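Undergrad: Sequence:
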Amino acid sequence: MTYQDRYFFQSQLENWWNCIPEMILVGHQKGTRSNDDKYFPALLFQVIALSLLFLPPTAAIDLEVLQKGESLHALSAKYSDFGCTLMTLLGRHFPTISSIQHDLLRSAWLKTSNLVPESWHTLSQAIRQAQEIGLHEDKKGDEGPGSVADKLCQIWHDEYRKRLWLNLFMWDIQMAMMLGRPTTIDTNTCKFTPPVNCSMPKNLSATVPELLKEGDTPSPFTERLLQYQLTLQILKMTAMGANRPFPRDPSIISTLHQEALSFLNSIPATLRHQNPDTRWDTECPFLIHQREFLLCGTLCYLLALHRPHISTISKSRDAALQAAFMILESQQRLFKHVSPQYYKLHSITFFNFDASVQLSAILLSQPAPEASTVERALRCIGLSINLLEAVAEQSALAKASLPVVKALHQRLQGSLHVDHEEVSPALPKLPLDIVLTPRPDVMGSGGSDNTITDSLWTFDYHSTQLSLNFGSSWDSFGSEKCNSHTLPLDSIADHATLPSLPGQGVSANGFVNDSSGADLLAQMDISTDEHFPHWYID
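Mind the numbering: the sequence shown is residues 0 to 537 in numbering that gives the first Met the number 0, read in order.
Quick caveat, the hints were computed from the structure, so don't treat them as lab data.
If you're wondering where the values come from, they're calculated on a predicted model, not measured in any experiment.
Hints are not guaranteed to be accurate.
Distance condition first, Cα-Cα at most 30 Å in a straight line; then the derived BS3-like pairs of lysine-lysine [stated by the list, open to error]: (1) LYS212 / LYS201; (2) LYS212 / LYS139; (3) LYS235 / LYS201; (4) LYS161 / LYS212; (5) LYS161 / LYS139.
Use the sequences and the hints to build the structure in full.
TA: Right, here's the structure in full:
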């Protein structure tokens, strides 16, 4: 996530550095310096802490030698804790942009360190401070006297405030979905105009904000605005109740699904997945990462939309299956471009784990899935296992996820009688140490037999494109009921239990969560990280 803009941070740093002699000479007299200057050192500690986490391997080795063998994460933790200590001394009674950014970066550090519940609480502190200074509302323009240069700088500063609130808003929605908890922000009282789709100029006093035009150099911020649109779709899905079993109007599933496909089709050519414009990829390498993250973010939204209905609506089962396939294939493409220092990002583990478990659960529930579909699933999950093994050394989350995914891979192989060696010879044979226990069907004894006929779909399991087209009569039901001989598919992770892992489950909206927030699955992040490294710190 783009938490810090280079220009504004550099300006804050220079201003703070220049005011140090004044602070020493006159002391902390009331009104001597702005509150923002006082909070800036705390923010600076958080910037250093996150920078240490994502140092390139060679730089990290040199630094650890200087620190006499101290681990990089321990050193990073010290700087992050120093920032928190300063914030405690200063208090949060008079919030500023710097104090808000401090808590946002601290939240990012906690999440990257697998402390997701703590990250969620810290994020709420940042949001409350932002609301106190009015970031959630459009700021009235200053019509007073002033030069053109000053007014332009103020316009850009207002854009910066909007971008900060955009990050807070999106992360609040995404973490609430991931943890199965309520949002901190009341969207009904949020009167917010999104920022302009443009890059921050080097000279703010001589540049007018202007929308990017075709042919302009792509901006990394474009992807943030697209993710914002996707976040609004998540809110719409929740408000309409489509993320819960048995919605009153089943046609809303079709409507939201088609809107997601329309969103994918509306993505600019430089960021779209299908036949992208790659002319800028060398000059703007962030496009490669953002392209896959936009696709995975949309597919995860589709998983959340269809997951509650895959036991009762065959079309939702097929949509979830196709989305899981595409997520795993997208992650393989993305991983080729990921530097090792980013292996600890949550999205790498989450996307692979969530899609692998969902894929396994769906196929294990079918009495006779197509052989080609099973082979594709074993191949995709096998590659996902290899990916998780590659990042496990840096990601405790990936290390904890590996036994679950491996056991599901083995159970899928054994249950469907597919020769494991023919599909993924690089993977070792594993004992069937996972227990898949059926749960009471979510429909209960009075469940409906309604389901959607396959004739409403155009579906290709082998295509790399999303070709899920609902028919016009989503609410025209047949009498066929989904066959499920192994698992009721109202959740994904409940069916995979290992002795070494705590209880797991999913929230009402379909995302993996744990009510206590302390187990493995509560560490999963759907945010589309952690900007690479733009919004993928997550």
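Undergrad: Now look at each hint and say whether the structure bears it out.
TA: Against the structure, the hints come out as follows:
{"no.": "1", "hint": "LYS212 / LYS201", "result": "holds (19 Å)"}
{"no.": "2", "hint": "LYS212 / LYS139", "result": "holds (27 Å)"}
{"no.": "3", "hint": "LYS235 / LYS201", "result": "violated (37 Å)"}
{"no.": "4", "hint": "LYS161 / LYS212", "result": "holds (21 Å)"}
{"no.": "5", "hint": "LYS161 / LYS139", "result": "holds (13 Å)"}
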